[in-house]
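Same order as they appear, the protein sequences are chains A and B.
The first sequence begins at 1 in the working numbering and counts up by one.
The second sequence begins at 1 in the working numbering and counts up by one.
Hints in this document: simulated from the structure, not taken from any laboratory.
Treat each hint with caution, since some may be false.
Stated by the list, open to error - What follows is a list of derived Cβ distance ranges for each label pair:
no. : chain 1 : residue 1 : chain 2 : residue 2 : range
1   : B       : Glu147    : A       : Arg44     : 40 to 46 Å
2   : B       : Asn213    : A       : Arg38     : 53 to 59 Å
3   : B       : Leu142    : A       : Glu49     : 20 to 26 Å
4   : A       : Gln25     : B       : Gln37     : 27 to 33 Å
5   : B       : Trp201    : A       : Asn36     : 40 to 46 Å
6   : A       : Arg38     : B       : Glu219    : 54 to 60 Å
7   : A       : Cys27     : B       : Gln43     : 41 to 47 Å
8   : B       : Gly208    : A       : Gln25     : 22 to 28 Å
9   : A       : Met1      : B       : Gly208    : 30 to 36 Å
10  : B       : Asn26     : A       : Gly50     : 32 to 38 Å
11  : A       : Pro45     : B       : Asp145    : 37 to 43 Å
What the hints assert, rightly or not - These stretches of chain A come out as covered by chain B in the derived footprint (C-beta under 8 Å, 3 or more residues):
no. : stretch
12  : 10-20
13  : 43-54
Glycine included, C-beta positions come from ideal geometry on N, C-alpha and C.
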Amino acid sequence: MKCVECDASIKLPSDVLEGEIVTCQDCGASYEVYRNERGEVDIRPAKVEGEDWGE
Amino acid sequence: MPTITMLYDAPRWEEKALIEAAKRKNVTLKAIECKDQYYNLAQINRAEYGDIVLQRCISYFRSLHLTALLEAHGVKVVNGLHEAIIAGNKLLTTLALIKAGVPTPKTMLAFTPQGSMAALNELGFPAVIKPVIGSWGRLLALVNDREAAEAVLEDREHMFPLYQVYYLQEKVNRPPRDIRAFVVGDKVVAAIYRVSADGSWRTNTSRGGKALNCPVTKEVEEICLKAARAVGEGVFGVDCMETADGLVVHEVNNTTEFRNSVPATGVDIPAHIIDYLVEKAK
Numbered sequence: 001m002k003c004v005e006c007d008a009s010i011k012l013p014s015d016v017l018e019g020e021i022v023t024c025q026d027c028g029a030s031y032e033v034y035r036n037e038r039g040e041v042d043i044r045p046a047k048v049e050g051e052d053w054g055e
Numbered sequence: 001m002p003t004i005t006m007l008y009d010a011p012r013w014e015e016k017a018l019i020e021a022a023k024r025k026n027v028t029l030k031a032i033e034c035k036d037q038y039y040n041l042a043q044i045n046r047a048e049y050g051d052i053v054l055q056r057c058i059s060y061f062r063s064l065h066l067t068a069l070l071e072a073h074g075v076k077v078v079n080g081l082h083e084a085i086i087a088g089n090k091l092l093t094t095l096a097l098i099k100a101g102v103p104t105p106k107t108m109l110a111f112t113p114q115g116s117m118a119a120l121n122e123l124g125f126p127a128v129i130k131p132v133i134g135s136w137g138r139l140l141a142l143v144n145d146r147e148a149a150e151a152v153l154e155d156r157e158h159m160f161p162l163y164q165v166y167y168l169q170e171k172v173n174r175p176p177r178d179i180r181a182f183v184v185g186d187k188v189v190a191a192i193y194r195v196s197a198d199g200s201w202r203t204n205t206s207r208g209g210k211a212l213n214c215p216v217t218k219e220v221e222e223i224c225l226k227a228a229r230a231v232g233e234g235v236f237g238v239d240c241m242e243t244a245d246g247l248v249v250h251e252v253n254n255t256t257e258f259r260n261s262v263p264a265t266g267v268d269i270p271a272h273i274i275d276y277l278v279e280k281a282k
C-alpha cells in the first residue's frame, strides 16, 4: 500500500482492525483501514475528527 | 462463559486493550466495525451480537442510534441507551446530578445571546460556556469578561442550532487539575489527576493535560459512585474538581478513554470492564 501524499510504502500492524487510523511513517499522512469492494483490506485518507467524536 | 460483542467505528488504544484483556481472560470478544454496515430497523440478527454488547463507537450520534436499535430488539448494551443519552449531554447530566443531590457547579441555560448575557451577569465572570454535546474539551470557552462572552456568543449564533443551547457555568476555583474517576458497575476502579498543560485552563488529556495517579479516597469513591448512579448503570468516567467546600462533579462520561490512565495508575481498567460485562451478561 502506498501513501498518496509521498508514495512511501505503508505497512499495517499485524493486529490491525478495520476502521483503525494508520500513519505514514515518512510524511505523517493519516489513513483509515477499510475493506474495499473486493473485500480486501485497504486504506483510504482518514476523515478529520467529527464534531461528535469523543468519550 | 458469555460472549461479548464490541461495536466500534475507529479503534483506539482502548479498543485494542479491551480485545487483549478478553483474550487474557479467555472470554470470547467479537469486535465489529459498525460504521460501514447498514441495519434493518424492523429486524436484526440477535445471535450476531452474542450475550452482551459493549458500545465503543467514537462518534456519539452513531453510538446513540445504534444502541437504540439494538436495545429495541432486546440486546443488552453497555452503556445502555438511557445512560448514553444522559451522559452524552452535559445539561441532562447536570440535571441528573442536581436531582441526586451530587454537588455540581452552578449552571444556567439560555437560548439567545441576550439571555446568556443576563445569565452570565448573574453567574459573574470568569465563567465557562460549553456545548451541551461534545468531548475532548472542544469549543469550551472560558470567558473572563463581558466582551469575551459577547464574541463567543456571536460566533455560536452562526453555528449548528445545537450550539445555541447555551450551557453557562460558574468557573470553579480549583487547583490546575481535576480528577477523572473510572466507575465500572458499582466500583471506582481507578482515578487520575488531570493536570492542565502549561498555559491551558482545560485539563483534558486530549488537550495535553497530564495524567497522574489519584488515590481513590472515601470521598472520591462516594461522590463518584453517587454521580454514576445518578446517570444509570455501566462504565463511566466521572470528572470532579477539588474546591474549598469539597469535591464537585462536572461531568459523567460515556465510552470513556483510559490510555493515559492505565500507565498512570497501574490498574488494568480494560480487565475490570471485561469482568463487569461477563457478570452483567449472566
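Hints that the structure is at odds with (numbers, increasing): As far as the earlier hints go, only 2 is violated by this structure.
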